[in-house]
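Since the structure of chain S is provided, determine the placement of chain R with the ligands on it from the hints.
Next come the chains, spelled out residue by residue.
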Amino acid sequence: MWILAIKAMLADRAKLATSLFGVAFAVVLVNLQGGLLLGLIEKASLLVDYGQADIWVGRRYTNNVDVGSWIPERWIQRIRKVDGVERAEPYLVSYSEARLANGSFEPVIVVGSEPASLLGNAWSMAQGDARAVRHPDGILVDSCDAEKLGHCRVGDTLEINGRRAKVVGLTDGIVGFSTNPYVFTTLERARRQYVTGLTPEYCSFFLVKARPGTNPRALAARIQREVPHLDVYDRQTYSRMCMEYWLTRTGIGMSFGLATFLGLLVGLAVVGQTLYASVTERVKEFATLKALGAADQCVGQFVLAQALGNAGLGSALGLAISLAIGWLVNSPRAPINWTWWIGALSVLLTTGVCLLAAWLPYVRIRRLDPATVLRG
Amino acid sequence: MIAPNLAILARGVCKEFGSGPQRTPVLQGAGLGIARGEVVFLVGPSGSGKTTLLSILGCILTPDGGSVQVLNQEVAQLRPAELAAFRQRHLGYVFQTFNLFPTLSALDNVALAATMRGVALPTARAQAERLLEQVGLSRQGRLRPGQLSTGGCQRVAVARGLVNDPAILFADEPTASLDAANGQAVMELLTRLVKAHGVTLVVVTHDSRILSFANRILHLEHGRLIRATQPGEAAQRATLESVA
Ligand SMILES: Nc1ncnc2c1ncn2[C@@H]1O[C@H](COP(=O)(O)OP(=O)(O)O)[C@@H](O)[C@H]1O
Ligand SMILES: [Mg+2]
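In order, the protein sequences belong to chains S and R. Residue 0 is where the first sequence starts when you use numbering that gives the first Met the number 0, and the numbers rise one by one after that. Residue 0 is where the second sequence starts when you use numbering that gives the first Met the number 0, and the numbers rise one by one after that.
Just chain S, with the same shape it has in the complex (with noise of 0.2 Å):
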């Protein structure tokens, strides 16, 4: 029966295609936006998520990786004593200012991790080497902010906070949420040339590498108890945080999602109409099969079969719509990031809507009096 159904859905090219487009169009709007707005917030703990840290240690009320506040460096020394810590690095995360060729001024955030362990720094290059930080006055910038750095390239030299800087390296898609450029370097020369305002013993963060098979979680407590006053997280608490912070504060979170919940109730409304009529139209074949004597349950499954037709077929083509579309224009700037959940939300609401679109009509085929058969 089913497959009569479905065989039956498939014939009708015109009606499967307007249909097949509507379930497709909304799959798509909803991985491509979902998928837009993860990527993008993401973007907000992108130093927490990479960094390889597994504990994050700041001043309290650092909710924010991109903007640190001060904490002297001595308190690491408590830190490095707790059980479990395999190491833990000083880290410093400020807004500083690059001055550009042209005389034009580009905020950035300098990144400086410790020397020796480079525990923090950046973790996938374009260009040349994430160890070339310790070169004197050397740093790395990432190669989509080159631009905004007056088309920097690997050798050349910038300004910043009056300080002479050697880009000795372009990073790979490292692209904050905040839109500044990041500028990795060592922890001494971030401290010491490219920030203002700084006494020499403080940085913004406490980097700590757990030893391998501790509990994460705990440990983080076990560091609190030492240093009360500070704020102490592992990393993925840390990363939800940060992207929290930019949901709430910005209200992109808000907008983005109105935008997404707009298209779609757009998309979604195409696919009811579009299969509610495609039942509707088929009244009288429907009424032909209670006249023969199909029970209410032999029609239901009928047009059952053909809702879940549709809404799998307008699925997978919606998929695969979608990771094209992706693979496409997946950039740094603008990244997509797709994950299954996200799909299988797609797949589910439009589901949803087609069975409810065929419900619907299936209310009244279910009141329909066969005698209308009769009448030519």
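Simulated from the structure, these hints should not be mistaken for lab results. Warning: the hint list may mix true and false statements.
To be verified - What the simulated footprint calls covered on chain R by chain S, stretch by stretch (three residues with Cβ under 8 Å from a Cβ of chain S suffice, anywhere in the stretch; the number is not a length):
id	region
1	62-72
2	80-91
Claimed, not checked - Taking beta-carbon pairs under 7 Å as the criterion, some of the chain S residues facing chain R (in silico):
id	residue
3	Leu3
4	Ile5
5	Ala7
6	Ala10
7	Asp11
8	Ala13
9	Thr287
10	Ala290
11	Gly292
12	Ala293
13	Cys297
14	Pro369
All residues carry an ideal CB built from backbone N, CA and C; glycine is no exception.
Showing chain R with the ligands alone in chain S's frame:
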């Protein structure tokens, strides 16, 4: 009063459509009996209520009054779901407009009626294939209704009407959309098949060219069956000519 060899027994069947000033009584006490295996034609002028009566006898339409027994079952006693099951099990139909599924092949159209009874698709298709062969369409099973001639569609409709081995087959104007030669061919086919399958056939028509296929002709006028004749009897010629 139940006779076991009666396929249909109807008494005092009344039906009216509309309400208030638009109220039109269509059937006003129609009564008839049809024996098992009989081929009966219902004739009458256009608008006389032939289709309405056929729908009531075919258990698709509920009468306002009177009693209808089909295969010794008092139809009024059945609830809607039971009535649907009864139609599916015992009755077959060839609708005036065929009502085939335009997006299904001839074979699948016939098989669909069989799968509705819960028959598995391969079995249903085998049954459908056998019936398409009997109506002379074994080569055109893959074609859709739109790719078949009107006569071809009518044959598919006949095959569908018979696929569930009904006791009674109802056909509404089966030759109305066919030319004379095709009409004769379809009627020959229908009467041959119902004989072979032991099916009772009730045909509504106002096509005088096919009356010779009937065992008995019932004349409907003013909402009543006014007389029964045999094919070839002079009485019905006049009645039917007044229609045209
Ligand atoms: N569902 C309906 N609603 C209103 N009037 C109807 C309906 N069905 C049939 N009629 C009317 O009943 C009369 C008989 O119709 P029908 O049984 O189709 O006649 P026939 O088949 O003999 O041409 C016609 O006048 C028709 O307009
Ligand atoms: Mg009629």
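Hint check:
Under a criterion of three residues with beta carbons nearer than 8 Å to beta carbons of chain S, the stated coverage of the region 62-72 of chain R fails, only 0 such residues being counted. Only residues whose beta carbon comes within less than 8 Å of a beta carbon in chain S count, and the region 80-91 of chain R has 8; three or more means the coverage holds. The beta carbon of S:Leu3 is positioned within 7 Å of a beta carbon in chain R (closest approach about 5 Å), and the interface hint is therefore held. Interface hint status for S:Ile5: violated, as the beta-carbon distance to the closest one in chain R is roughly 11 Å, over 7 Å.
Among the interface hints, the one on S:Ala7 holds; its C-beta lies about 4 Å from the nearest C-beta in chain R, closer than the 7 Å criterion. At a threshold of 7 Å, the smallest CB-CB gap from S:Ala10 to chain R is about 4 Å, leaving the interface hint in force. A cut of 7 Å between beta carbons decides the hint on S:Asp11: the least distance to chain R is about 5 Å, and the hint holds. Hint on S:Ala13 is violated. Least Cβ distance to chain R is approximately 11 Å, over the 7 Å limit.
With its C-beta approaching chain R no nearer than about 4 Å, S:Thr287 sits inside the 7 Å limit, and its interface hint holds. Checking S:Ala290 against chain R by beta carbon gives a least distance of about 5 Å; that is within 7 Å, so the hint holds. A cut of 7 Å between beta carbons decides the hint on S:Gly292: the least distance to chain R is about 3 Å, and the hint holds. At about 5 Å, the closest approach between the beta carbon of S:Ala293 and any beta carbon in chain R falls short of 7 Å, and the interface hint on this residue holds.
Hint status for S:Cys297 relative to chain R: holds, with the closest Cβ pair at about 6 Å, below 7 Å. For S:Pro369, the interface hint holds, the least distance from its beta-carbon to any beta-carbon of chain R being 5 Å, beneath 7 Å.
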